[in-house]
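Protein sequence lines correspond, in order, to chains X and U.
Heads up: the first sequence begins at 1 in the numbering used here, then just goes up one per residue.
Heads up: the second sequence begins at 1001 in the numbering used here, then just goes up one per residue.
Derived from the structure by calculation, the hints contain no laboratory data.
Cβ coordinates follow ideal geometry from the N, Cα and C atoms, glycine included.
Any given hint could turn out to be false.
[As the list claims (entries may be wrong)] Coverage of chain U stretches by chain X, computed from C-beta distances (three or more under 8 Å per stretch; other residues unrestricted):
(1) 1190-1200
(2) 1269-1277
(3) 1282-1288
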Amino acid sequence: MSVLLDVQGLQTRFRVRKGYVYAVNGVSFSLEEGETLGVVGESGCGKSVTMLSLVRLLPPAASIENGQVLLRGEDLLQLDLRQLRDVRGGQIGMIFQDPMTSLNPFINIGTQMSEPLIYHRGMSKREALARSAELLEMVGIPDGEARLREYPHQFSGGMRQRVMIAMSMSCEPAVLVADEPTTALDVTIQAQIVELVKELRDRSGVAVIWITHDLSVVAGIADRVIVMYAGYIVEEAPVDALFEDPRHPYTVGLMGALPSLGGETGNRLTTIGGSPPDLQDLPDYCPFHSRCPYAIDRCRTENPILEPVTDASDRGHRAACWVDIREVEVQSNGAGASS
Amino acid sequence: MSQTDNGNSAPLVRVKNLTKHFSVRIGAYGETKATVHALDDVSFNVQRGETLGLVGESGCGKSTAGLTLLQLHRPTSGQVFFDESEVTGLSDKELRPLRRRMQIIFQDPYSTLSPRMTIGNAIGEPLWLHELATGQEAQERIAKLLDDVGLNPAFAFRYPHEFSGGQRQRVCIARALACEPEFIVCDEPISALDVSIQAQIINLLQDLQEEYHLTYLFIAHDLAVVRHISDRVAVMYLGRVVEMAPKERLFDNPLHPYTNALLLSVPVPNPRQERQREHTVISGNVPSAINPPSGCRFHPRCPLAFEPCDHEVPEWREVESGHWVACHAV
C-alpha cells in the first residue's frame, strides 16, 4: 500500500493573553490508502487540533508554526485558501462530535447535502438532490427523498450523525476524518454508527482517521493507533500490538484505568496520578514524567523521541520513552514495590 | 417486598411504584399540552452499605429517579421510604433533617460549584446550614474533608476556577460528605471526566464507602463502570426499570432483551475479541417519553416481541432470587 497522507513535524499553537498554548508539538505520522488510523488521548492532548490543522480549520488565535502535510505529495499547508477549499470536503471529509451544531438549523437537509455536490462535483441542483436522497438511503435513513425537505431538528442525534456521514462521504473523499463522532451518542446508537462507518469504509476504500478518547472504540475499528499526550505522539502501533504489548507508561496507565465488561471486578483500578501538564508551560523534557511511575533522571532532562521499540512484533511500533518498561516491571515486582 | 437479598436486614431506601410525570408545552408556540412520562411505576430497594447501579441511555429517566427519590422532584405518585419512614408527602421543613442523611453528587463539577465561593466555604455550607459545626471546629472539619478526598487542606481558600475537573469533582464529593450522610446518589459523577481521572474518582468513591459505610445509588450510562462499582444493577428503559439483579448475574446472564442489546453494544477494549464478536446492533432509536409505546415500551425495537407485547405491560417479577425482570418473553 502506498502512503496517502504524510504529516511531518506539525506544530500548532494558540495565542492567549499570557503567551502561547502549545497544542501540537512536532507531530509526525502517515496514513496509507484504505487504512483506518485511531487517534487516542484525553481532552486537551491535541488530537483534534492536529486533525483540524491538516485542512487549516483553526480559529484565528491559532497558528501553524511548522511542518508539512503532504496529501499524495502535495503540501496542504502551502495551498492558498481557494485551492484549500477543493481539499476540504472534496478530498478530505470531516465528521465532528456534535451533530446538533454541525448542521444549520435554518436550512433543510437536502439543501445542505447538495451544497458540496454542486461545489465539488459540479452537479446541477436536481442531480445533487437525487444523489443526496441516495446517500441518505445508503447511511440507513429510509425514505430519503421525503426527508430531504426536513430540517435538522426533525432528526434524532444518531440520525443527524448519519446525515453528517452521508455529507462527508458524498464527494468520495480519499480521507475521512471522524472527530469523536460517537461521543455525544448513546451506546446502542454508537454501535450503529461504528458499524455504518466500517461498512462504508469497506465498500468505498476511504482511509479513515478516527479520533476518540475511548480505547474500546479504537479496538474495534482501527488498523493502527497513535496515542497522544500534551501535544506529542507518545506511542504508535498496529492495534493488536498496542493492546497486547503497550510500551509507553501513559498507554499502560490508560488501559489500567479502564474498567471492562469482561475483566475482574472488585479490584481497584490502576490510576494515573496527578493531571496533564499546563500546555502554556510545557517542560523541555518528558511532559509525562511527573505522573510516570517509571521516571528516571534522564526523563527530567531530555525529551524522549518517538523511536521504534526494542523486540517489537511489528516494525511500525514506536514509543517516546527513555525507559524500557518491561525491564522495570520485572525489577519493581521483584522488589515488591509495584502498587 | 421480597427482594431482600442481603439477609433479612431492612433496606435503607425503599422505592415503591414511584412515578414522575412532567407537564410540558410542545409545538412551535407551545400551544399543545403534553406529559413526559419520565418515570413510571418504578420499585426497588437499596440495602444498607451496598451500591446499586442504575444504567440506561439518555432520557431513560435514571436521573429523574435519583432526584425524585431525594424529593428534589416531587413524585406524581408512589412512595419512598428512607430508613423505614416515609419521605414522600413531607414538607420542606420536615425534610430538612433527612436531607443531612441523604446527599447527591452531580455530573458536572463545573456548574455545581459557585464560582464566587471559596471551596472551603462550599464544603462548609452544609455544616453551617445543618448547625453541625461552627468556628474553629468547622475549619478543622473542612480540612479533614479535603484531606479525605485527596486534596491539600490549604486549598480551602482557593476558588473553583483554580482547579481541574477531577479536583472539582473531589470538592463536590467533600461537600456531599460534609454532613456525614448515610446515602449518596451519585448522578453520573464521572461522565464529564477523562479516563485517567475517572479511575481516580471511582477509587475514591470506593475508599470513602468503606471508610464511612456509605450506601450509593450510582447512576451512569457506562456499563463497564457500573459493573466495576456496583453490587446490584438496575437497567432502565424509557421510564421503567426492565431488569434488576446482582451484577454477576446481570452481566453473565441477562434476561431482558434490552439488557442484552445494551451489553452487545459496548465495545470491548481488545482488538482480537472485537473482530470475532458478533455485531448485532439493535436498530431504531429510543422513542419519545411524551408518547411512549403501549404495552412493553421496548416492543418496537425488540427482537423477541410477540403477541401480548404491544398492549400488555409486562409484570415486574422475580424470576430467580434477587433477579427481577419485566418481560413477556422471559
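Checked hints:
1. 1190-1200: Coverage by chain X holds for the segment 1190-1200 of chain U (7 residues, Cβ < 8 Å).
2. 1269-1277: Since three or more residues must qualify, the claim that chain X covers the segment 1269-1277 of chain U holds, with 7 doing so at under 8 Å.
3. 1282-1288: Coverage by chain X holds here, the residue count being 4 at a Cβ distance below 8 Å.
The structure shown violates none of the earlier numbered hints.
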